[in-house]
Structures are given as C-alpha cells and as structure tokens.
Amino acid sequence: EDIEGNKEYSDGIILLDARKSTMHQMLYYIGRGCPVVAYLENGQYVLLYGYDQYNIFIYYPEDKSTTKMGLNDGAEYFRTQKNDFICGVFTD
Numbered sequence: 037e038d039i040e041g042n043k044e045y046s047d048g049i050i051l052l053d054a055r056k057s058t059m060h061q062m063l064y065y066i067g068r069g070c071p072v073v074a075y076l077e078n079g080q081y082v083l084l085y086g087y088d089q090y091n092i093f094i095y096y097p098e099d100k101s102t103t104k105m106g107l108n109d110g111a112e113y114f115r116t117q118k119n120d121f122i123c124g125v126f127t128d
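Heads up: the sequence shown begins at 37 in my numbering, then just goes up one per residue.
Since the hints were made in silico from the structure, they are not lab data. Be careful, since some hints might not be right.
In the EDC-like style, the derived pairs of lysine to aspartate or glutamate whose C-alpha atoms are separated by at most 16 Å in a straight line are [claimed, not checked]:
(1) K56 to E112
(2) K56 to D88
(3) K118 to D53
(4) K118 to E77
(5) K104 to D88
(6) K56 to D120
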C-alpha cells in the first residue's frame with residue numbers, strides 16, 4: 037500500500053508519511069515506541085526498532101534477521117535510500 041500523506045485508522049494508529057525526514061528525526065518516534073519503516077530502493081523494507089547512543093537497530097523481515105548500524109553510518113545509508121520512511125503513531 038502506497039502512503040500518500042498521513043493516514044488515520046479506526047484503531048487509533050496514524051501512519052505518518054515521513055519521507056524526506058532524516059533517520060535522526062525518526063529516532064524521536066522510535067524512542068517513544070512507535071515503529072518506523074524504511075523503504076529501500078531495491079523494493080524491500082526494514083523496520084527500525086531501537087537505538088542506543090551509538091547504533092540504530094534494524095529488522096529485516098525478508099529473512100527475519102536483525103543487525104545494528106552506527107548512527108552516522110545509518111544516517112548516511114538511509115540518505116542514499118532517499119530517506120523514505122513511514123512511522124506508526126498511536127493516538128491513544
């Protein structure tokens with residue numbers, strides 16, 4: 037499903053179209069327990085599910101693997117992927 041703008045669902049979740057936001061801006065939402073999906077140029081997507089002072093934690097649903105990437109390396113990587121993010125925000 038393509039997200040064009042923000043989309044609110046009846047269960048209290050809003051999907052924010054966060055394209056062009058930076059990965060560092062997405063840390064705000066991740067830190068509040070809101071999932072962030074990053075679409076990749078190869079047509080796949082990853083879930084950014086946590087971070088610490090050094091790393092961003094990434095889940096790859098295609099093979100159910102996880103990894104971590106340095107914050108600066110992650111910011112540059114997602115920049116090269118066009119910073120194509122969506123974020124699920126809970127309104128309740």
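Hint by hint, here is what the structure shows:
no.: 1; hint: K56 to E112; verdict: holds, 13 Å
no.: 2; hint: K56 to D88; verdict: violated, 23 Å
no.: 3; hint: K118 to D53; verdict: holds, 13 Å
no.: 4; hint: K118 to E77; verdict: holds, 8 Å
no.: 5; hint: K104 to D88; verdict: holds, 10 Å
no.: 6; hint: K56 to D120; verdict: holds, 6 Å
Figure legend: structure checked against the earlier numbered hints; the only hint not met is number 2.
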